[in-house]
Amino acid sequence: SQQGEEDPQALSIQEGENATMNCSYKTSINNLQWYRQNSGRGLVHLILIRSNEREKHSGRLRVTLDTSKKSSSLLITASRAADTASYFCATPYTGANSKLTFGKGITLSVRP
Amino acid sequence: EAGVTQSPTHLIKTRGQQATLRCSPISGHTSVYWYQQALGLGLQFLLWYDEGEERNRGNFPPRFSGRQFPNYSSELNVNALELEDSALYLCASSLYSGVRDEQFFGPGTRLTVL
Numbered sequence: 001s002q003q004g005e006e007d008p009q010a011l012s013i014q015e016g017e018n019a020t021m022n023c024s025y026k027t028s029i030n031n032l033q034w035y036r037q038n039s040g041r042g043l044v045h046l047i048l049i050r051s052n053e054r055e056k057h058s059g060r061l062r063v064t065l066d067t068s069k070k071s072s073s074l075l076i077t078a079s080r081a082a083d084t085a086s087y088f089c090a091t092p093y094t095g096a097n098s099k100l101t102f103g104k105g106i107t108l109s110v111r112p
Numbered sequence: 001e002a003g004v005t006q007s008p009t010h011l012i013k014t015r016g017q018q019a020t021l022r023c024s025p026i027s028g029h030t031s032v033y034w035y036q037q038a039l040g041l042g043l044q045f046l047l048w049y050d051e052g053e054e055r056n057r058g059n060f061p062p063r064f065s066g067r068q069f070p071n072y073s074s075e076l077n078v079n080a081l082e083l084e085d086s087a088l089y090l091c092a093s094s095l096y097s098g099v100r101d102e103q104f105f106g107p108g109t110r111l112t113v114l
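Those protein sequence lines, which keep their order, are chains R and C.
Residue numbers for the first sequence follow our numbering, beginning at 1 and rising by one.
Residue numbers for the second sequence follow our numbering, beginning at 1 and rising by one.
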């Protein structure tokens, strides 16, 4: 089963608006990562937030993490048409069966 | 600095054949990960190699196998191909072993099984 689940599944906004995407996970984590995927291509790492951090910024991106609610949000401010892509949250299982698990992704469409 | 490279870009096979996919990690990265992205199923973790050893594998049958070479490049082999193996196969590498840090992805190999 998926460790991370994104919400909503699809989001359509106008250029210049803000886009908020959410991710919920099930087990304790030491970090949570957000990735972007342009159509049919490889993933690009956007930001990593560690479990002892509550908020992190990178350019127009703002990520929050609430470990008590096991949730994270990704905010893209002043969106651009080039932000149109799929966005994934990824959470790690650590230990002997260490792996990174991805949600099914959010499809963001930014209309010019 | 060159990114993660994968070859071939596209691969078309028929059911029952074998497919070999290749990945070269970023220079200095020793961990290589393979993922399958089938339509509607999201990214599914396949295999993790580090320092030439298989460290973990996902919930895939044994006909999915691979290896990591001394130069840290990796190969994914899929035997007895089935139609549902059609997917984008993504390779990623990381500087540190495990999942403590970000992974850098290649552009993927699109495998089509007819």
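Be aware that one or more of the hints could be misleading.
[To be verified] Restraint ranges, calculated between C-beta atoms of paired labels, are given here:
#1 C/Tyr96 x R/Asn38: 25 to 31 Å
#2 R/Thr64 x C/Tyr96: 21 to 27 Å
#3 R/Asp66 x C/Glu51: 33 to 39 Å
#4 R/Glu17 x C/Lys13: 27 to 33 Å
#5 C/Thr112 x R/Glu17: 36 to 42 Å
#6 R/Ser68 x C/Thr112: 43 to 49 Å
#7 C/Ile12 x R/Ala10: 37 to 43 Å
#8 C/Ser27 x R/Arg41: 17 to 23 Å
#9 R/Asn38 x C/Arg67: 39 to 45 Å
#10 C/Pro70 x R/Ser98: 21 to 27 Å
#11 C/Ile12 x R/Asn52: 44 to 50 Å
[Unchecked claim] Only some residues are given here: those of chain R computed to face chain C with a beta carbon under 7 Å:
#12 Arg36
#13 Ser39
#14 Arg41
#15 Leu48
#16 Ile49
#17 Arg50
#18 Ala85
#19 Ser98
#20 Phe102
Bear in mind the hints are in silico, worked out from the structure with no lab data behind them.
Positions of the beta carbon are idealized from the N, C-alpha and C atoms, including for glycine.
To see whether the hints hold, each was checked on the structure:
Separation of tyrosine 96 of chain C from asparagine 38 of chain R is about 26 Å and conforms to the stated range, judged on CB atoms against 25 to 31 Å. Hint check: threonine 64 of chain R to tyrosine 96 of chain C, Cβ distance near 25 Å, so the stated range 21 to 27 Å holds. For aspartate 66 of chain R and glutamate 51 of chain C, the Cβ-Cβ distance of about 36 Å falls inside the hinted range of 33 to 39 Å, so the restraint holds. Checked against the hint of 27 to 33 Å, the pair glutamate 17 of chain R and lysine 13 of chain C fails, with Cβ atoms roughly 44 Å apart.
Distance hint check: the CB atoms of threonine 112 of chain C and glutamate 17 of chain R are about 37 Å apart, consistent with the given range 36 to 42 Å. For serine 68 of chain R and threonine 112 of chain C, the hinted distance range of 43 to 49 Å is satisfied, since their beta carbons lie about 45 Å from each other. A hinted range of 37 to 43 Å for the beta carbons of isoleucine 12 of chain C and alanine 10 of chain R is inconsistent with their spacing of about 30 Å. The hinted range of 17 to 23 Å is satisfied by serine 27 of chain C and arginine 41 of chain R, whose Cβ atoms lie roughly 21 Å apart.
In this structure the supplied range 39 to 45 Å is violated for asparagine 38 of chain R paired with arginine 67 of chain C, their Cβ-Cβ distance being about 30 Å. In this structure the supplied range 21 to 27 Å holds for proline 70 of chain C paired with serine 98 of chain R, their Cβ-Cβ distance being about 23 Å. The given range of 44 to 50 Å is respected by isoleucine 12 of chain C and asparagine 52 of chain R, whose C-beta atoms sit roughly 48 Å from each other. Among the interface hints, the one on arginine 36 of chain R is violated; its C-beta lies about 10 Å from the nearest C-beta in chain C, farther than the 7 Å criterion.
Checking serine 39 of chain R against chain C: minimum C-beta separation of about 11 Å lies over 7 Å; hint violated. Taken as an interface hint, arginine 41 of chain R checks out: its beta carbon lies about 6 Å from the nearest beta carbon of chain C, inside 7 Å. Look at leucine 48 of chain R: its Cβ gets to within about 6 Å of chain C, closer than 7 Å, so that hint holds up. At about 11 Å, the closest approach between the beta carbon of isoleucine 49 of chain R and any beta carbon in chain C exceeds 7 Å, and the interface hint on this residue is violated.
With a least beta-carbon distance of about 9 Å to chain C, the hint placing arginine 50 of chain R at the interface is violated under the 7 Å criterion. Below 7 Å, beta-carbon pairs count as interface contacts, and alanine 85 of chain R has none with chain C, the closest being about 13 Å; its hint is therefore violated. Given the 7 Å rule on beta carbons, the hint for serine 98 of chain R holds: about 5 Å separates it from the nearest Cβ of chain C. The interface hint given for phenylalanine 102 of chain R is met, as the beta carbon of that residue sits about 4 Å from the closest beta carbon of chain C, less than 7 Å.
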